[in-house]
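> As given, the protein sequences belong to chains A and B, one line each in that order. Our numbering applies: residue 377 is where the first sequence begins, and numbers increase by one. Our numbering applies: residue 60 is where the second sequence begins, and numbers increase by one.
One thing to keep in mind: the hints can contain errors.
Claimed, not checked - Here are the simulated DSSO-like cross-link-like pairs (lysine-lysine), alpha carbons at most 30 Å apart as the crow flies:
1) B/LYS128 x A/LYS389
2) A/LYS389 x B/LYS159
3) B/LYS62 x A/LYS389
4) B/LYS111 x A/LYS389
5) A/LYS389 x A/LYS433
6) B/LYS62 x B/LYS159
7) B/LYS111 x B/LYS128
8) B/LYS159 x B/LYS128
9) B/LYS111 x B/LYS159
10) B/LYS128 x B/LYS62
11) B/LYS62 x B/LYS111
Stated by the list, open to error - Stretches of chain A that chain B covers, calculated by requiring three or more beta carbons in the stretch to come under 8 Å of a beta carbon on chain B:
12) 453-460
13) 478-487
Quick caveat, the hints were computed from the structure, so don't treat them as lab data. Quantities reported herein were computed from a predicted structural model and do not represent experimental measurements. The beta-carbon is built from N, C-alpha and C at its ideal position, and this holds for glycine as well.
What follows is each chain in one-letter form.
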Amino acid sequence: KAGVTQTPRYLIKTRGQQVTLSCSPISGHRSVSWYQQTPGQGLQFLFEYFSETQRNKGNFPGRFSGRQFSNSRSEMNVSTLELGDSALYLCASSLLQGASDGYTFGSGTRLTVV
Amino acid sequence: DAKTTQPTSMDCAEGRAANLPCNHSTISGNEYVYWYRQIHSQGPQYIIHGLKNNETNEMASLIITEDRKSSTLILPHATLRDTAVYYCIVRADYGGATNKLIFGTGTLLAVQP
Numbered sequence: 377k378a379g380v381t382q383t384p385r386y387l388i389k390t391r392g393q394q395v396t397l398s399c400s401p402i403s404g405h406r407s408v409s410w411y412q413q414t415p416g417q418g419l420q421f422l423f424e425y426f427s428e429t430q431r432n433k434g435n436f437p438g439r440f441s442g443r444q445f446s447n448s449r450s451e452m453n454v455s456t457l458e459l460g461d462s463a464l465y466l467c468a469s470s471l472l473q474g475a476s477d478g479y480t481f482g483s484g485t486r487l488t489v490v
Numbered sequence: 060d061a062k063t064t065q066p067t068s069m070d071c072a073e074g075r076a077a078n079l080p081c082n083h084s085t086i087s088g089n090e091y092v093y094w095y096r097q098i099h100s101q102g103p104q105y106i107i108h109g110l111k112n113n114e115t116n117e118m119a120s121l122i123i124t125e126d127r128k129s130s131t132l133i134l135p136h137a138t139l140r141d142t143a144v145y146y147c148i149v150r151a152d153y154g155g156a157t158n159k160l161i162f163g164t165g166t167l168l169a170v171q172p
């Protein structure tokens with residue numbers, strides 16, 4: 377079956393712009409989580425959505441937001457981009473909230489802010 | 060902050076067993092030990108998890124000490140494709156505020172030919 381699909385794969389944006397990243401979970405999975413990975417901070421949790429509701433949020437500024445649609449697809453948005461937002465953004469899906477058998481991650485969207 | 064401590068890097072000869080240690084001395088009674096790995100430029104991949112008993116699946120074995128303060132991930136016959144960063148994570152297995160995975164710095168396993 378198809379895995380977690382993230383689009384686009386690569387993105388270059390200018391400081392001050394906004395960006396929207398998309399994640400399509402595995403069919404039937406209802407939980408979607410987002411993570412940011414940078415060389416300096418490693419993998420950090422952004423937020424988790426389940427049944428179109430944000431269930432958990434990491435320690436990121438309000439410029440980072442997300443949403444989940446009725447088909448479980450999720451988007452995350454970053455407004456007023458800063459150079460420090462350059463990172464690999466990863467999406468993970470699971471069947472249930474708080475998956476006990478592990479999350480399936482996508483390959484990520486690499487965002488470069490110039 | 061991550062609740063686990065792992066060596067920064069390890070080497071292993073191809074075909075030999077790779078034993079990756081993890082220290083989680085502050086683990087709570089309801090927290091599981093999870094292992095993920097991340098191959099370069101890919102998303103993390105779930106490997107295995109356990110609570111008290113040793114676990115085995117098609118990818119690896121997980122050995123948890125009796126006091127649960129440390130564990131070892133074993134890849135029985137390492138191949139070059141197992142070269143990756145391996146993350147050990149402790150997490151309570153229930154829904155709610157602790158759903159997130161807290162990744163530490165992990166162990167870079169380099170499998171040598």
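> Could you run down the list of hints and mark each one as holding or not?
Quick rundown of the hints versus the structure:
no. : hint                : in the structure
1   : B/LYS128 x A/LYS389 : violated, 45 Å
2   : A/LYS389 x B/LYS159 : holds, 28 Å
3   : B/LYS62 x A/LYS389  : violated, 35 Å
4   : B/LYS111 x A/LYS389 : violated, 47 Å
5   : A/LYS389 x A/LYS433 : holds, 25 Å
6   : B/LYS62 x B/LYS159  : holds, 13 Å
7   : B/LYS111 x B/LYS128 : holds, 10 Å
8   : B/LYS159 x B/LYS128 : holds, 21 Å
9   : B/LYS111 x B/LYS159 : holds, 21 Å
10  : B/LYS128 x B/LYS62  : holds, 11 Å
11  : B/LYS62 x B/LYS111  : holds, 17 Å
12  : 453-460             : violated (count 0)
13  : 478-487             : holds (count 7)
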